[in-house]
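Just need the whole structure built from these sequences, with the hints factored in.
Here the protein sequences line up with chains A and B, keeping their order. Residue numbers for the first sequence follow my numbering, beginning at 7 and rising by one. Residue numbers for the second sequence follow my numbering, beginning at 7 and rising by one.
Treat the hints as calculated values from the structure; they're not laboratory data. Computed from a predicted model, the values in this text were never measured in an experiment. There's no promise every hint is true.
Derived SDA-like pairs: lysine to any residue, alpha-carbon spacing no greater than 25 Å straight-line [stated by the list, open to error]:
1) A:K196 to B:R94
2) A:K196 to B:G204
3) B:K124 to B:T226
4) A:K228 to A:E134
5) B:K150 to B:T226
6) B:K53 to A:D221
7) A:K111 to B:K111
Residues from chain B shown here face chain A by an in silico Cβ test under 10 Å; the list is partial [to be verified]:
8) L24
9) E115
10) L120
11) S159
12) G204
13) H208
14) L242
15) S253
16) L255
Virtual Cβ for every residue (Gly too), placed ideally from N, Cα, C.
There are 2 protein chains.
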Amino acid sequence: MSEPLNPFYISQKRNMNLVLLENKDFIDNERVVLRGRRFKHLISVNKVLRNDRLVCGLLNDKIGTGLITNVENDSLEMKVHLTDDPPRPLPLTLVLALPRPKMLKRIIESVTSLGVKKIYLINSWRVEKSFWQTPLLKEESLRKQMVLGLEQSRDTVLPEIYQKRFFTQFVKEELPQISKNSLCITAHPKSSRICPAGINKHITLAIGPEGGFIDIEVATLKEQGFSSYHIGQRILKVETAVTCLISRLYS
Amino acid sequence: MSEPLNPFYISQKRNMNLVLLENKDFIDNERVVLRGRRFKHLISVNKVLRNDRLVCGLLNDKIGTGLITNVENDSLEMKVHLTDDPPRPLPLTLVLALPRPKMLKRIIESVTSLGVKKIYLINSWRVEKSFWQTPLLKEESLRKQMVLGLEQSRDTVLPEIYQKRFFTQFVKEELPQISKNSLCITAHPKSSRICPAGINKHITLAIGPEGGFIDIEVATLKEQGFSSYHIGQRILKVETAVTCLISRLYS
Chain A
7 MSEPLNPFYI
17 SQKRNMNLVL
27 LENKDFIDNE
37 RVVLRGRRFK
47 HLISVNKVLR
57 NDRLVCGLLN
67 DKIGTGLITN
77 VENDSLEMKV
87 HLTDDPPRPL
97 PLTLVLALPR
107 PKMLKRIIES
117 VTSLGVKKIY
127 LINSWRVEKS
137 FWQTPLLKEE
147 SLRKQMVLGL
157 EQSRDTVLPE
167 IYQKRFFTQF
177 VKEELPQISK
187 NSLCITAHPK
197 SSRICPAGIN
207 KHITLAIGPE
217 GGFIDIEVAT
227 LKEQGFSSYH
237 IGQRILKVET
247 AVTCLISRLY
257 S
Chain B
7 MSEPLNPFYI
17 SQKRNMNLVL
27 LENKDFIDNE
37 RVVLRGRRFK
47 HLISVNKVLR
57 NDRLVCGLLN
67 DKIGTGLITN
77 VENDSLEMKV
87 HLTDDPPRPL
97 PLTLVLALPR
107 PKMLKRIIES
117 VTSLGVKKIY
127 LINSWRVEKS
137 FWQTPLLKEE
147 SLRKQMVLGL
157 EQSRDTVLPE
167 IYQKRFFTQF
177 VKEELPQISK
187 NSLCITAHPK
197 SSRICPAGIN
207 KHITLAIGPE
217 GGFIDIEVAT
227 LKEQGFSSYH
237 IGQRILKVET
247 AVTCLISRLY
257 S
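Here you go:
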């Protein structure tokens, strides 16, 4: 939901609003060749043609445009000109009890599109042990979801995702350093206080699994300075709650 | 994400946080028999036993508890006591360009869980014609998604969903009456104004398809009093944007 970056913007359905480039795509200083997924998506969904200009960005780097100079059967070539900074990251560190695999996939994509750059996936009493076995936690799989989120939101900066399988050790030994100088919030349905809105500073936000953190976990987080807040009377799915909380905190 | 309704609350994984009853489930004034989906979910996911108490609600009516008095192979019986009002509806009328089927399903469930009670699915230039053919638009299918949303958020009041296939006719002839006395907002990425937050009044919110409403549609909405706003530099998926907007407007 954004102003097009430049006058060459082409209306694009689905979620490749930016062509994310990597260094290895470059054949010289300014020319790239695309094959595979991106090529297929651009041809079949975006229906691009020679001389079209697309919004492009280099991974963890600048954003700009690419002029399609040649289209072959299995590849296309663009001349790119990358001049602008990617959108500002959201000053939020997300500490999330590992959701079930299908939901994990969608959450990684959506929080990436919202601009979150640091995600800690942690264990918690109500996280089913089997969730830690999912191949979706492998680096290339997480990266795939993040790339979809970046392409969607026209960003280039890949989030960092950390996996922490020991709740108490993580919260007591690592979280104090991670959350230093930030507002520390535990989203907790049983809290009596409603979550603040429109905070424009760095936040570390801890969100429990379906069913919530258990009381001792909330207490352990509280010892590290995390105050707990609810976001209303309704129980929401974790994926809905994550988006609601982020939108509320930065409204 | 809510305070349990009563001390008999049982931690429940997944999304049946309330057992939604219908009049036909009652075998007398206070006893119900459940079979099929709800029975299976309660047994296999929630692992309920005789003498457990569950949060229950009667469709479009009160909420309370049910005491399981008997469990058979294919059914269970509860004695229910329904005393409380369902959570307040969100004072929001959602006018949504028909999303693609998979997304439609998730959006209906999530906006129901957020408390939206009136949804107009409308056509728009960038809505693919084929989307109107999906069986997911059939009444029983929409109802299924709404029921999941109600069970998730402990609500009983089924939203009303209307399907409007003629954009201009709908906006010019019906929308003025529908949106009367409400704040009228078009979510539009190209707008130069950021969407207001923390509005606590009735809102009619129009959200376009992937790619947004086209300019003439925004203008037609504007003629009916709809001001357009963006929600930031990032382009979001419609399902993420819907949740963000609702959370922001009622933060």
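Hint by hint, here is what the structure shows:
1. A:K196 to B:R94: holds, 18 Å
2. A:K196 to B:G204: With a Cα-Cα distance of about 23 Å, the restraint between A:K196 and B:G204 holds, given a limit of 25 Å.
3. B:K124 to B:T226: holds, 21 Å
4. A:K228 to A:E134: Given pair A:K228, A:E134 holds - Cα atoms ~23 Å apart, limit 25 Å.
5. B:K150 to B:T226: Between B:K150 and B:T226 the Cα gap is close to 33 Å, so the pair fails against 25 Å, i.e. violated.
6. B:K53 to A:D221: holds, 22 Å
7. A:K111 to B:K111: holds, 17 Å
8. L24: holds, 9 Å
9. E115: holds, 8 Å
10. L120: holds, 7 Å
11. S159: At about 4 Å, which falls below the 10 Å cut-off, the nearest Cβ of chain A leaves the hint on B:S159 intact, so it holds.
12. G204: holds, 6 Å
13. H208: violated, 18 Å
14. L242: holds, 5 Å
15. S253: holds, 4 Å
16. L255: Holds, because the Cβ-Cβ distance from B:L255 to chain A comes to roughly 9 Å (cut-off 10 Å).
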